[in-house]
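Taking the hints as your guide, dock the two standalone chains into a single complex.
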Amino acid sequence: MTRNRRFKLQAFRVVVFLVFGAFFLVPIGAMFEFSTRGNGLDAPRTLAAWQTIFQTPDLVAAILASLALAVITSLGMLLLLVPTMIWVRLRLPRLNRVVEFLCLLPLTIPAIVLVAGLAPEYRWLSFNFSDSILTLAFVYLVLVLPYTYRTLHTGLSAIDIKTLSEAARSLGAGWPTVMGRIIVPNMWSALLNASLLSVAVVLGEFTVANLLNYVNLQVAIGAGGPAGGSADFRLRAPAGRRHAMTTAVAAVGVGTATRAGVEVRLENLRRRYAGVTALDGLSLTLAAGELVALLGPSGCGKTTALRLVAGLEQADSGQIVVAGKDVTGQPTNKRDVGMVFQSYSLFPHMTAWQNVAFGLQMRKIGPAQRRRRAGEMLELVGLSGFAERFAHQLSGGQQQRVALARALAIQPKVLLLDEPLSALDAKVRARLRDEIRRVQLEVGITTLFVTHDQEEALAIADRVGVMHSGRLEQLGPPTTIYSRPATPFVAEFVGLTNRLPGVVRNGEVEVRGTRLPLVQPDAADGPAVALVRPEAVTFAGDGEGASGPLAGTVIATAFLGATSRVTVDLGDITILAQLPTSEASAHPAGTRVRLALRPDAVLIARDEAAPDRA
Amino acid sequence: MTVAVKPLVETARRPVKGGRRFSLNWLGAVPFLAYVGIFLLLPTAIVVGGSFVGPDGLTLSNLAAMNRPYIIGAFVNAVVLSAASAVIGAILGAALAYAVVTGNPNGVLRRLVVSACGVLAQFGGVTLAFAFIATIGLAGFITVWLQQHGINIYANSLWLYQLNGLVLVYTYFQIPLMVLVFLPALDGIRPQWREATESLGGATWHYWRYVAGPLLAPAFFGGMLLLFANAFSAYATAAALINQGSIIASLLIANTLTSEVGLHQPGLASALALVMVVIVAIVMVLYTVLQQRTARWLR
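Taken in order, these protein sequences are the chains called F and E.
Each step along the first sequence adds one to the number in the working numbering, with nothing skipped, and position 102 is 102.
Each step along the second sequence adds one to the number in the working numbering, with nothing skipped, and position 166 is 166.
In isolation and in its complexed conformation, chain E is listed as follows (with noise of 0.2 Å):
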């Protein structure tokens, strides 16, 4: 009796009370974790696995027919659009954060800038299509002015409805997020270390060879890789902007998808879509290697 006893007033102390507790705990995170699973880890799940089916069961064929020249043209497209709004977005950015940090920082110009910065980075899509074409497209506001003036901007091609076009489209928003991604970085830079530089016998340059250069190259690095990642990933634009053929990978994964003339493959599409996960995946990776070694320097 005392045997049996003893176990069980054994068992009935902490370890149990604590198990019951952390258990308890974690039924707080249940719905968020049951959401994301369901809307955001299924599909994606769902995109890996159906890359690897075809009609007649497990296939690598949807990975093999990456190599179509017409798929590599679509990816190398996304990336060329991607890289050149990156970088023209990144630099244009951080050249209007800069001018936004050196102001008062308690001032109505900066909240202005950076609310508006807060829209504009996610004015994408149809809107700011249309709002280019009324702009520059071919009835558009400045091209008829031009044209008045002997000026004709579409001479040589329809560039805006091309990828050149895209390029300058996408820079309306990648600008705005360059500035809300790189502010604070600008932000943590001291002004006494230029003072220190200055003090020590360094010049301007000096300072930004040596000091905020440097120190601000991951952030600005990081920040262009996140706008790389936004304009692969973006589709709206493009779509309103290049309804015919499939120029860039996210429009070509639409197109497979929909395709109500012989061309709906899901499984290509799946395959499509794993690839673009693994290379906006691996910028990200990179991105917040760099974010963190911003972090480290800039806090």
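If we strip away everything but chain F, and leave its shape as in the complex, we get (with noise of 0.2 Å):
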């Protein structure tokens, strides 16, 4: 959010809060107040009215009688209410609707009518209701059950009390146990909930109670008892006197050919929350049509890069060039750029076609054309067959792959990815992935690509850009940062990698008595942790008299496909090696081995911790 939207948007919410504030609190203080004067606004303080309260006994018995009312109804909910709703939804889950819409009923009669229809019904039932207010209870039951029913319809959904109370009776617990044991520890603050609302509802009941002739706090009120006693603050009045963007797209093109990609250039970007650096000093040039992406873990600012280029975050300094051009100030929908969310940004109410038409629609282009185009893009995505679905209609990988179509029905300057695969399962990620470089390389996009799947940056990109703690820590080829990452967190975070202590000495570091060469031949001579790449790592020799430092037993193999990664224990450490699986299987977990290591340049890290791979 820009920081104009956000300044205006505090100044809404201090008028609203202060406006509804004063119109809430001032009635209730002018309450106040006036049960301390006596006679006026201008009169002496007194707490005469109150006192007055607690000398009447009818006053007295009135708010007792409301008190008791309101326990007794919060009891009654709970112990037809609670029992009903959790035996229907275990036994009896065909009568849910029916449980539901006899508790929301109440919302659809007006207590006054069920006032009109009790009345008659007692006289019938010869039943005698007038010698305790409490016999209200009956009737409060009823105007409670759908607030009560609400709450306790919450709680209930936020567990899951089938298989907590199979669990609980596998376990051998009687029906009482999982009631009082498992279910009701689990919805504790529902029925809290329920049972205060209860406890309010009753208490500011009047219609039931003043009509069938009850006195109870609301009645005893209405009659003019605690309001002061003064004939000037009577609660009724005197009787007698009551009654687009701009941005046009001058010709939409045919098939899925755009406009040529474009140069993007990030110069310098710094960006602070709260004190805490989410991009420090970022640089990075993105060549026309190439695609970028962003590796790092959670937190490196590799989404803020990408906001950052959206416009839909601000930087506090550096410069964003797109095309040439200083885009730095721009508000978002003047950037002219496609952008595909982690999930859920397509437009619940609109169709897959309308979703896709929607920013041509920004643009002023006319229905026909929009129509057309928005059906070129589905087919580019392989929808076509789905333009009239909604959204919840689709599969994840489908609405992303309309989210792509989306993005690129307006021929944006830049496409902007923002781990548009990360709530797929991994066979739709793998799929949709080839897929959107498919369309990329078809359209020719200039594209910034933000992942934190080691696998999926390199699978994509032209050049992948390892992002750590906001800086750019290597930029390159996917192959060479695989294999001669600039740094040894690139090298941990990029791959998997073996942590060998060792010794460095001339230029080369030697581990478990084999010398390899540096990645950084000038380092300096001292102990190091060599970091090695389990392809690196391969059998020399196998039996029971295999000895030498880096002689050890297979204790895992892991099957990978056409090669294996087999975990070796060497005594002080563990040591994995990825080999072609027909020679991983030959020594199964037990098998004595003894390793090599490949002569290949490595990287060597100096107390370093490993990085976290979010």
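For the chain F half of the interface with chain E, some residues (derived, Cβ under 10 Å), not all of them:
no., residue
1, Arg5
2, Arg91
3, Cys103
4, Thr108
5, Ala119
6, Leu145
7, Ile221
8, Asp336
9, Phe347
10, Leu360
11, His392
12, Ala407
Keep in mind the hints are simulated off the structure, nothing from the lab.
In this text, a Cβ means the ideal position worked out from N, Cα and C, and glycines have one as well.
Below, the structure is given as structure tokens:
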């Protein structure tokens, strides 16, 4: 959110809270003020009205009756409604709708209507309800049903009572135990809320009590009792006087051909949030038509970078240049970027084609052209048969393909992909990843792709930028990133790495008797940790006689297809080796083996923690 | 013998067992169903039935009496009052809900406002009437202060004790109810939709016109209908504020039911109550339809 909008929103909130605060609090304050003024606002302050309440037996009785009614109604509600709701959910799910309907029905039957029906009913039943005000609880229980049902429904929906009760029953618990020790403790806050709601409804009830001629708290107040005793402050008035974007696309392209890609430059971008540095001088240039993936753990600043390019955030300093034009201060809707979000970004009230056509509508493209262009884009992403479907009728992968079509339909200069695959399952992820790449190459659009998944980044991008703590650690083609990592962080974040203690001497590192060349030959002599890829570890021999610093026992083998990953226990450390499956399967767990290290150049680390793989 | 035993064995299998379990399960719901039957459905049925009963037996005269001018007037006033307080309550409640939802979702302010709305939505009846009388009644706190500054808010009429005053007083519990009803819908709006709109070239106006507006419209109008029903069936506040004349339907029903000066007509009261139930039921059905639409889009 931009600073300007945030400021406007804050101002709006302050005004709203002040105005509504006054509207709601002033009448309550005025009521208390009056209760301490016996004869007008100018009269001296007195507690006479409050004393009157406690010295008037009828008022005290009304208050106590209301409190008793509130408690009885709450207990009645708990005893009647809670067991019924649980029972119906567990044993009679088909009755769920009926119970819900009956509980919400009092909302459509005004209390006054209930009263009209109850009076003759009592007479028919020869039921003498006039003996005690507490008989009102029978009616109040009906009145609180809609409110308490909703609260209890929310509480019950938050827990899987069926599974919990089945688990408890399978462990030998009887129904009382299931209720008392499993279900009720899990919904105590809903029970408490429902009880408090019942109390509030009953204490505020006037209609039924008044029309059935009972005196509860509200009826007592209505009679003028605690109002202060002054004629001036009678409740009732005196008798007798009452009564688009402007960036028009010159011509919507035909087929999938869009404008050629443009260069995008991020220059020394900095952004801090509440004292935390999200971006610390990021500079990055995307060549025209290039797909660059920003890769890194959570909080490394990759999403912030993308949102700055989109204009959804503003940089503290630095510049963003698209096609030679500085767009740093431009709002999002003027930047001409297409964006695909992590998930849930389709407008749920629009069909697939309406979603795709939306951006074109913003650019004032005519309906016929919009429809045609949307159809072409849906065809591009393989969803031409799904044009009339809403988001909830599409799978996660299909939704993201519609989102991609929507972003591309406006022929943006830059395509921004914010972890578009992370909410999908593995199989769909791989397929959609390839499809995004196909479409991007076909359209030739400059694309920034943000992900925390190294496999995804390496598979899709022309170049990968690995980020850490708001900085770009390394930018290069996937093969370079993997085989020649520039920093220990990159080595450990991208792919698997063995951390083997060794000693640096004369531009080489000696690891368990093997001398390996260094990526940084000018490293100072001394102890270090060599970062060795599993592919650089091979079998050199096997059998019980295998010995030496790299001899150990196979403790596990993970099958990966053509290759397998073998874990070998060397005694003081374990080491991973990635080998052809045929070779790995010849050495099952328990086999004694001797390993060798291929003399590839390695990185060394000194006292650095392994990165967090988010 | 063999022939006689065979069907016995067959009938003793699952069908009987299944049937028995079915009936036992229903037993668990019997107390609730019986209670609701006696204290909710039966009184309602009595009202419906009573509207067709007169002193001489079955009759349509109670329903025919619905076209009397004072009855039509009471219903028209009730509709006007309910509609006005629903529209004002919905707009102001939506604004307050938006102010809440744009803050910290786990913040103290939000919890405070939501809890306060839960209480204030139930804050009706005589207490509310008195609170307003203490504030802007004839001798109210603000009335007196304004009088001291030369402004008489009752120069033309005693509006607080008339329909206009009821609209204002009803707004007090309508706004919090709207906040409670509308907040979940606002919570369902995803920030990505705004960002997507902007990335597609839309401005704030486009976002509200084409995305958030249509998405929130069912919840907004649904909330408005609920507010309408809430006001239409309210009695206590009006009864506390206005004690002469039956200017709205609920007061008319009460007076017809309880009058001791010859107006006591249970059949007519039942017919009035029936009309009230039908109106509220229609409104609630529309509300349910809109709620379902909201749930489909904003889950």
